[in-house]
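Engineer: Single-letter residue listing:
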Amino acid sequence: MSAFWLLIILLAFAAVGFVLGRGRALASVNGERRRLHSLPNYYGSNVAMLAFVPAVLVLAVWVVVQPFVINSSVSNHIPAELYQTGGELNLIMSDVRRVADGLDLAVKGGMLTTDEASNIDNDATDLRALLGEVGIALGSEIHPSVLSAAQVMRTQIATGNLYRSIVLLVIAAAGFFVAIRMTSGEFRARNMVERGIRGLLIAAASIAILTTIGIVLSLIFNTLEFFRLYPAKDFFTLLEWAPSFSGRGGASSLGLLPLLWGTLYISVVALLVAVPIGLFSAIYLAEYAGPKTRSIAKPMLEVLAGIPTIVYGLFALLTIGPMLLSVFGDNGFGWMQGQRSVMTAGLVMGIMLIPFVSSLSDDIINAVPQAMRDGSYGLGATQSETVRQVVLPAALPGIVGAVLLATSRALGETMIVVMGAGAAARLDLNPFEAMTTVTAKIVSQLTGDSDFASPEALVAFALGMTLFILTLGLNVLALYIVRKYREQYE
Amino acid sequence: MTDAAFPDGAEGAAPRTTSSLLTQDTRTKKRNAAEARFRAYGIAAIAVGLVFLAVLVSSIIFKGVGAFQQTFITLNVELLEEKLDKSGTRDIEAIKKVTTFGYNPLIDAALAQAIADTGIENPFSKGKDLRKMISSGAAADLRDHVIENPDEIGKTVSFRLLASSRVDGYLKGRVTRESLARDKNLTPEHLDIVDALAGAGVVTKAFNTDFITGADASESRPEQAGIGVSMLGSFYMMLVVLACALPIGVAASIYLEEFAPQNWFTDLIEVNISNLAAVPSIVFGILGLAVFIQFAHLPQSAPLVGGLVLTLMTLPTIIISTRASLKSVPPSIREAALGIGASKMQTVFHHVLPLAMPGILTGTIIGLAQALGETAPLLLIGMVGYIASNYPDGVIEGFMSPNSAMPAQIYEWAKRADPAYYERAWGGIIILLVFLMTMNIIAIILRRRFERRW
Numbered sequence: 007m008s009a010f011w012l013l014i015i016l017l018a019f020a021a022v023g024f025v026l027g028r029g030r031a032l033a034s035v036n037g038e039r040r041r042l043h044s045l046p047n048y049y050g051s052n053v054a055m056l057a058f059v060p061a062v063l064v065l066a067v068w069v070v071v072q073p074f075v076i077n078s079s080v081s082n083h084i085p086a087e088l089y090q091t092g093g094e095l096n097l098i099m100s101d102v103r104r105v106a107d108g109l110d111l112a113v114k115g116g117m118l119t120t121d122e123a124s125n126i127d128n129d130a131t132d133l134r135a136l137l138g139e140v141g142i143a144l145g146s147e148i149h150p151s152v153l154s155a156a157q158v159m160r161t162q163i164a165t166g167n168l169y170r171s172i173v174l175l176v177i178a179a180a181g182f183f184v185a186i187r188m189t190s191g192e193f194r195a196r197n198m199v200e201r202g203i204r205g206l207l208i209a210a211a212s213i214a215i216l217t218t219i220g221i222v223l224s225l226i227f228n229t230l231e232f233f234r235l236y237p238a239k240d241f242f243t244l245l246e247w248a249p250s251f252s253g254r255g256g257a258s259s260l261g262l263l264p265l266l267w268g269t270l271y272i273s274v275v276a277l278l279v280a281v282p283i284g285l286f287s288a289i290y291l292a293e294y295a296g297p298k299t300r301s302i303a304k305p306m307l308e309v310l311a312g313i314p315t316i317v318y319g320l321f322a323l324l325t326i327g328p329m330l331l332s333v334f335g336d337n338g339f340g341w342m343q344g345q346r347s348v349m350t351a352g353l354v355m356g357i358m359l360i361p362f363v364s365s366l367s368d369d370i371i372n373a374v375p376q377a378m379r380d381g382s383y384g385l386g387a388t389q390s391e392t393v394r395q396v397v398l399p400a401a402l403p404g405i406v407g408a409v410l411l412a413t414s415r416a417l418g419e420t421m422i423v424v425m426g427a428g429a430a431a432r433l434d435l436n437p438f439e440a441m442t443t444v445t446a447k448i449v450s451q452l453t454g455d456s457d458f459a460s461p462e463a464l465v466a467f468a469l470g471m472t473l474f475i476l477t478l479g480l481n482v483l484a485l486y487i488v489r490k491y492r493e494q495y496e
Numbered sequence: 214m215t216d217a218a219f220p221d222g223a224e225g226a227a228p229r230t231t232s233s234l235l236t237q238d239t240r241t242k243k244r245n246a247a248e249a250r251f252r253a254y255g256i257a258a259i260a261v262g263l264v265f266l267a268v269l270v271s272s273i274i275f276k277g278v279g280a281f282q283q284t285f286i287t288l289n290v291e292l293l294e295e296k297l298d299k300s301g302t303r304d305i306e307a308i309k310k311v312t313t314f315g316y317n318p319l320i321d322a323a324l325a326q327a328i329a330d331t332g333i334e335n336p337f338s339k340g341k342d343l344r345k346m347i348s349s350g351a352a353a354d355l356r357d358h359v360i361e362n363p364d365e366i367g368k369t370v371s372f373r374l375l376a377s378s379r380v381d382g383y384l385k386g387r388v389t390r391e392s393l394a395r396d397k398n399l400t401p402e403h404l405d406i407v408d409a410l411a412g413a414g415v416v417t418k419a420f421n422t423d424f425i426t427g428a429d430a431s432e433s434r435p436e437q438a439g440i441g442v443s444m445l446g447s448f449y450m451m452l453v454v455l456a457c458a459l460p461i462g463v464a465a466s467i468y469l470e471e472f473a474p475q476n477w478f479t480d481l482i483e484v485n486i487s488n489l490a491a492v493p494s495i496v497f498g499i500l501g502l503a504v505f506i507q508f509a510h511l512p513q514s515a516p517l518v519g520g521l522v523l524t525l526m527t528l529p530t531i532i533i534s535t536r537a538s539l540k541s542v543p544p545s546i547r548e549a550a551l552g553i554g555a556s557k558m559q560t561v562f563h564h565v566l567p568l569a570m571p572g573i574l575t576g577t578i579i580g581l582a583q584a585l586g587e588t589a590p591l592l593l594i595g596m597v598g599y600i601a602s603n604y605p606d607g608v609i610e611g612f613m614s615p616n617s618a619m620p621a622q623i624y625e626w627a628k629r630a631d632p633a634y635y636e637r638a639w640g641g642i643i644i645l646l647v648f649l650m651t652m653n654i655i656a657i658i659l660r661r662r663f664e665r666r667w
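Residue numbers (my numbering), protein chains in the order written: chain A, 7 to 496; chain B, 214 to 667.
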């Protein structure tokens with residue numbers, strides 16, 4: 007039985023349980039609902055819950071664990087002389103899986119009977135062609151031991167699924183009968199159901215933790231795999247980024263530093279645009295602008311934050327790039343070679359970050375109490391002197407926090423740099439030169455690639471790890487600064 | 214004592230500089246100038262921001278509007294029986310054997326006829342050269358039509374065929390006669406013909422519905438490319454996001470806001486949520502690649518996987534806004550419900566949640582809008598543009614079969630070399646922004662109409 011049908015059966019079980027539980031509760035008090043502890047539906051829900059939830063949890067665990075158990079037991083069937091490294095074993099195992107899947111598909115499609123599939127002989131039938139017909143393409147001829155391993159896998163999966171169905175149905179039935187037995191007029195069904203719902207709520211809240219764990223684990227494992235294939239020292243110290251596309255490893259030099267340089271350079275340009283404009287806009291909106299100006303200008307600036315980054319990317323590539331090229335290119339100053347450059351990406355990213363800086367700073371400036379301003383005016387300071395000498399120092403921790411958050415946003419921004427910054431990694435000071443960033447390289451190394459065995463693909467995970475640590479560090483630092491230096495006003 | 218008590222020139226007055234409120238001394242002037250400057254900086258900053266916005270919006274509109282217009286050539290094509298159905302039996306299998314190459318001569322003849330009708334000289338002897346004015350997909354359209362209507366063979370039928378992208382560009386002003394000097398695809402003679410045909414009403418511009426409903430086309434046929442299939446991909450992803458992110462986000466917020474005790478576990482969840490909100494979107498793409506595709510073996514490029522990745526990405530947004538709207542429900546509501554004997558759970562689900570619903574929906578729509586515009590994580594899980602070339606065959610296929618999404622399609626077009634695709638990319642952005650604007654306006658209306666101030 008497939009997991010899908012098991013789920014349907016369990017659902018049906020739960021529905022029956024609901025009706026029976028409700029009926030039994032009512033029957034136990036001879037239909038006098040006042041004598042029930044809880045509303046009748048709670049009794050039904052309790053039975054449905056106990057029949058369904060434990061079984062489904064076991065099913066979920068089983069679905070995740072079974073492939074691992076079978077994989078490790080089947081890989082013992084592969085003769086050791088066929089492979090040298092773990093990577094080769096993985097390739098063989100994926101062949102085994104595909105052959106097993108293919109045989110199952112062929113049985114499903116009516117090309118083989120069940121017996122034929124279990125006793126198929128590689129010499130007598132052209133297995134590869136047969137599997138090709140059901141849509142499983144194999145790279146090479148099937149080794150006899152692969153075929154036998156695939157058969158072992160098929161039988162193990164079949165027995166595993168059989169046990170799964172039995173175990174699940176037993177658990178569901180047990181839950182069902184326990185709940186039915188419990189059901190009586192005095193039973194506190196509502197408390198039971200509410201405890202269940204509470205568990206569900208906790209599970210939903212824990213998804214945030216699971217996501218973080220997922221991110222960290224997927225980055226760590228693949229990064230370790232990368233460092234096994236490629237020396238970590240080279241990754242951190244080489245000044246060159248030149249992945250080879252032909253062979254595996256060896257010829258590639260995958261140095262982090264040029265990418266990091268490009269990332270930081272572009273971020274600095276972006277911040278040089280965004281911080282002054284954003285900060286001055288925030289000051290003007292908070293201190294000078296009347297309610298009418300504010301109600302128009304603030305949402306207009308925030309529109310910039312709602313525009314998807316792909317739009318900014320296109321804007322960089324097709325509007326700002328050519329514009330800069332016509333001024334700084336060969337017809338102008340002669341500093342710029344192509345449309346893509348640090349300046350192009352940085353400028354557009356700066357525009358994107360303006361509302362980010364301005365609305366955060368605006369909130370912080372507004373949080374400075376009016377009494378401080380009034381005190382300053384009372385001493386004879388002008389409005390701008392008040393802003394510079396009283397308001398800004400009071401708001402400084404918050405503003406620094408906002409700038410750090412904007413920096414982390416700039417480091418992680420992808421589409422603008424993919425489209426506006428160029429593809430060549432370079433260590434250069436000229437801001438009109440094309441450079442590339444960590445995020446752009448993650449995209450180019452992983453796009454359309456499903457083979458994770460080569461260091462050229464795995465390096466993307468190491469880059470992702472770098473990026474994750476950088477942005478996480480900045481966020482934590484920003485929070486720390488805001489918390490530590492925040493002035494508490496009554 | 215004030216200065217007024219000592220009139221100017223009075224004896225005993227201190228030998229200080231005379232100052233009046235009506236004339237400013239240099240220091241006051243300086244301070245006032247600094248004040249004016251500071252204020253001007255603020256105005257300038259806002260102006261610069263708004264100018265950027267204006268340039269962005271106007272360049273989107275000016276460059277993108279062209280994509281909604283397309284040049285068509287209306288031709289009377291004679292569907293010759295000896296070319297399309299030699300046996301004359303109208304056997305559909307026999308008709309299907311004629312490839313698109315068999316249809317090209319028909320188009321050539323019709324085009325030559327149309328040119329002759331306008332009265333100008335046809336400088337091209339070969340049909341192949343003449344045909345460059347028409348999209349290379351036109352023959353396939355013709356063939357599809359004939360296979361659907363085999364009884365029209367032998368008749369002369371009027372077709373509205375797509376003009377090639379160069380002709381389209383010429384009529385829109387993108388291609389000029391000078392730029393053709395380096396272009397092997399079209400010559401100035403072609404443009405003379407186009408001018409004549411446009412004068413005769415054979416070449417016309419019309420609204421391009423195919424751009425909105427069509428599929429992506431190959432690199433050499435920008436005139437055929439449309440955003441419809443990837444729009445459907447985006448739609449399925451949004452369904453997944455809505456179905457996963459809304460219940461999970463609301464459940465998580467209810468727990469954190471109403472039930473969670475103050476302990477390390479709650480703190481851990483809070484820290485995680487605020488950190489996830491700041492993780493770059495591309496990291497979520499890496500997570501999706503490693504967990505959903507590498508580990509769970511879900512199909513690559515499927516909208517289902519894209520939707521799951523975007524769900525994880527938008528969850529923090531939805532949780533933060535849901536918590537804010539739960540918090541804004543006054544405690545008196547909860548106390549009243551508890552006071553008449555409702556359990557904590559009943560209080561939350563029967564009273565607090567309905568009152569917080571408008572705020573939750575607003576936050577959800579804004580989260581969805583954010584997810585709709587996201588590109589980078591989709592590229593990593595293989596939802597790249599060129600995949601969107603066929604409509605999925607059904608709802609399940611729609612979730613599981615490889616597809617793209619609107620932003621990824623736009624990115625794909627922007628990468629292609631032909632400038633005709635840039636126009637498509639801008640046009641795609643207009644469609645994307647129309648969706649985003651609609652969603653945001655719905656969110657604003659919801660907030661205005663239903664949000665209660667307590």
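No lab work stands behind these hints: they were computed from the structure.
Small disclaimer: the values here were computed from a predicted structure and weren't measured.
Among the hints, erroneous ones may be present.
What the hints assert, rightly or not - Some chain A residues well away from chain B (every beta-carbon gap over 12 Å; in silico):
hint: 1; residue: 227
hint: 2; residue: 303
hint: 3; residue: 419
To be verified - Derived DEER-like restraints, expressed as beta-carbon distance ranges:
hint: 4; chain 1: B; residue 1: 662; chain 2: A; residue 2: 67; range: 44 to 54 Å
hint: 5; chain 1: B; residue 1: 234; chain 2: A; residue 2: 375; range: 55 to 65 Å
hint: 6; chain 1: A; residue 1: 341; chain 2: B; residue 2: 271; range: 23 to 33 Å
hint: 7; chain 1: B; residue 1: 609; chain 2: A; residue 2: 219; range: 57 to 67 Å
hint: 8; chain 1: B; residue 1: 664; chain 2: A; residue 2: 166; range: 49 to 59 Å
hint: 9; chain 1: A; residue 1: 63; chain 2: B; residue 2: 360; range: 21 to 31 Å
hint: 10; chain 1: A; residue 1: 96; chain 2: B; residue 2: 360; range: 46 to 56 Å
hint: 11; chain 1: B; residue 1: 666; chain 2: A; residue 2: 17; range: 39 to 49 Å
hint: 12; chain 1: A; residue 1: 341; chain 2: B; residue 2: 533; range: 25 to 35 Å
hint: 13; chain 1: A; residue 1: 394; chain 2: B; residue 2: 418; range: 35 to 45 Å
hint: 14; chain 1: A; residue 1: 491; chain 2: B; residue 2: 271; range: 41 to 51 Å
hint: 15; chain 1: A; residue 1: 491; chain 2: B; residue 2: 609; range: 48 to 58 Å
hint: 16; chain 1: B; residue 1: 609; chain 2: A; residue 2: 341; range: 29 to 39 Å
Stated by the list, open to error - List time: in silico DSBU-like cross-link candidates among lysine-lysine, alpha-carbon distance up to 30 Å:
hint: 17; chain 1: B; residue 1: 242; chain 2: B; residue 2: 296
hint: 18; chain 1: B; residue 1: 299; chain 2: A; residue 2: 490
hint: 19; chain 1: A; residue 1: 304; chain 2: B; residue 2: 276
hint: 20; chain 1: B; residue 1: 243; chain 2: B; residue 2: 296
hint: 21; chain 1: B; residue 1: 397; chain 2: B; residue 2: 299
hint: 22; chain 1: B; residue 1: 385; chain 2: B; residue 2: 368
hint: 23; chain 1: B; residue 1: 345; chain 2: B; residue 2: 540
hint: 24; chain 1: B; residue 1: 628; chain 2: B; residue 2: 276
hint: 25; chain 1: B; residue 1: 385; chain 2: A; residue 2: 304
For every residue, glycine included, the Cβ atom is placed at its ideal position computed from N, Cα and C.
Engineer: For which of the previously enumerated hints does the structure constitute a violation, in increasing order of number?
Structural biologist: Per hint list: 1, 2, 3, 5, 7, 9, 12, 13, 16, 17, 18, 20, 21, 22, 23, 25 violated.
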